[in-house]
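S.K.: Letter by letter, the chains look like this.
There are 2 protein chains.
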Amino acid sequence: MASSFYPPQRTLMGPGPSDVSARVLGALSRPTIGHLDPLFVTLMDEIKVLLQYAFQTTNELTLPVSAPGSAGMEACFVNLLSPGDKVIVCQNGVFGGRMKENVERCGATAIMVEDTWGEPVSVDKVIAAFDEHPDTCVLAFVHAETSTGVRSDAAALCKLATERNALSIVDAVTSLGGIELLVDEWGADAVYSGTQKCLSCVPGVSPVTFSPRAVERINNRGHKVQSWFLDMQLVMGYWGGSSKRAYHHTAPVNALYALHESLVMLQEEGLEAAHRRHRHNHLALVAGLEAMGLSMVVAPEYRLPQLNLVNIPEGVDDAALRSTLLEEFDLEIGAGLGALAGKAWRIGLMGFASSERNVITCLNALEAVLLRQHAAINPGKALNAAQAVLKG
Amino acid sequence: MASSFYPPQRTLMGPGPSDVSARVLGALSRPTIGHLDPLFVTLMDEIKVLLQYAFQTTNELTLPVSAPGSAGMEACFVNLLSPGDKVIVCQNGVFGGRMKENVERCGATAIMVEDTWGEPVSVDKVIAAFDEHPDTCVLAFVHAETSTGVRSDAAALCKLATERNALSIVDAVTSLGGIELLVDEWGADAVYSGTQKCLSCVPGVSPVTFSPRAVERINNRGHKVQSWFLDMQLVMGYWGGSSKRAYHHTAPVNALYALHESLVMLQEEGLEAAHRRHRHNHLALVAGLEAMGLSMVVAPEYRLPQLNLVNIPEGVDDAALRSTLLEEFDLEIGAGLGALAGKAWRIGLMGFASSERNVITCLNALEAVLLRQHAAINPGKALNAAQAVLKG
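The listed protein sequences derive, respectively, from chains A and B.
11 is the number of the first residue of the first sequence in the working numbering; add one for each residue after it.
11 is the number of the first residue of the second sequence in the working numbering; add one for each residue after it.
Same shape as in the complex, but just chain A (with noise of 0.2 angstroms):
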């Protein structure tokens, strides 16, 4: 028989999910009411505002997808594609194949624009896919790449999107709520998020939007959406403006308390002072990792402050730190993904884990454990880096 599963208290410094506080794990467990009551759609009405301030946006299209990131992805795809549409692609790390899989199983064509892993965007290669393929519809990218730690310039890529009659495709996954995210500002076409990042709630639910430009798109489809459950017209007549909706699906009424209860946390701490904050964290970490003699993957100007992504140290066992940090710290970071596997760690500072304590808890447990595997560092000095700048 198997009986009730008790998780320990863990510290959730990886890529995501992120530690999620009481305050949302609270609001998570109300009791369910029905997906029609209208004290729930009231509710949606309250979500969709705070989902329009943490994008920037005055979208009417914006809302939670009732899935994953990767199936908010998978929406604005299906959504805005046709088979035999031109797509440009951008490519700096895991998630930009992902949309290219997503591109393909549409019977569109990917124009791919690669960079290395640990690069942002190269705006002159796509300036130049452009020049090449003047028919492209639709250009897409990776904001903040969760496998790399890198930020690319989405306001100049949104605006050469537009330049060129072509609507933008933004992942947004790690950026909402932890850097500037401004779609109305940018021009951003289609952007989807999660949950599990910078908002720090329960993953499993996808926010998105879409500019007036991709609603035109998607209104003068000439044939239906592959996917009936990501349909946004049909999503659209349950999430939609009237006060008459239309049942679609079943919305996942409990993960919704979650994400409006984050989304009112972020409201309340306001957007710049959460930038401020990540960005806080972000340098007392790397000081204290560069003071311990390690170094980052990615340069200064392009470090996603709530994904520091770490150079392994030579010698050092990788999965076998990950195990004892995991084991008997109960911290959790992230493992290297595709070509950075083995290579790097990747330590999240995102949303309500983005905190002081986290800093410290980190630079400590990581000192302690590198120093068991002999690794060559430099011991006792990660913390007066990190507490210099946190004072500072």
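It is possible that some hints are incorrect.
One copy or any two copies: either way a pair holds, since identical chains are not told apart in the list.
Claimed, not checked - Subject to a maximum C-alpha distance of 27 angstroms in a straight line, what follows is the list of computed DSSO-like cross-link-like pairs (lysine-lysine): (1) Lys-234 with Lys-96; (2) Lys-110 with Lys-234; (3) Lys-135 with Lys-169; (4) Lys-135 with Lys-96.
Note that these hints are calculated values from the structure, not bench results.
Put chain B on the given structure of chain A with help from the hints.
M.R.: Frame of chain A, contents of chain B only:
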């Protein structure tokens, strides 16, 4: 500024979500851990085994899709169908129509077998459809129609599909945990369900199971599944039997805590006992409703004990009555859908909500509001009739 949302404590006797127990809500709000944490992987393995019990199957590919039941439905269709395939779709309510949408969005052809809403699927009509279309490769039908409260003969339909060398796709959204569902004994090939019906878990996750025949079809596909998110070959890499889990998407960690707890509760009670409880409370509710002078939509032999369709008496204001039940009694019952909109109520006695207390609560509240609307009913009879069954 938005503020925290505090839902009322409703009694959920609609078509789902059903009442979620404090035990499941407690599990839901336990601390989030990583989706690749070894402890979480152990939990995933337990969920698979518990779902195999609930589905009465040894199917290796048995897991919860990380999205609502309509995505579970889509997962079955997109993984098993190819463009040009012929699919017999049985429609005797709303969800057969949704199956048709899924078939067509896969580029396949739906051969519709239609029955009156409120009646079961006619096996004879399906035989005739197979005779007319011997090259049919899938038979799709709804076991327990959530829009009409009707049970169809899943055993006979699955057997027929096997005889005709077709795979069966079975909608068991409302049946799982409430009535007999024998996936292996019946030879069902792809079955999807929901968490928010007779499992009384929060909505948002869809248990599915695929037979070895179905897995063989998936593994021998000549082209990629049109959905990346729902591609079972990729999902298997994360949920599969090997100890090395490949990252596909971020699982809805806390929702799976809750699903696990609800399945542990089902195992503790035992499937047969759960079915008996559903039937017992159903018979009491029907006795009460009929003593009150109300009539049921569905003939006794096809009635779902977990979802009771009641004809709305002449002259009753349906919307006003349901609003009053919700606002004054915190009681949700379901409206009719599609052909039954305005004509019937859907009273759920699902999972944790299938209780003697709820039978009495519902009869009392319904009688009070019907009397206020001067409906022609027999007052003062319902409780005694229900109690006689409950104590019998």
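S.K.: Indicate, hint by hint, whether the structure satisfies it.
M.R.: Hint-by-hint comparison with the structure:
no. : hint                 : verdict
1   : Lys-234 with Lys-96  : both (19 angstroms within a copy, 19 angstroms between copies)
2   : Lys-110 with Lys-234 : both (21 angstroms within a copy, 13 angstroms between copies)
3   : Lys-135 with Lys-169 : within (15 angstroms within a copy, 58 angstroms between copies)
4   : Lys-135 with Lys-96  : within (16 angstroms within a copy, 46 angstroms between copies)
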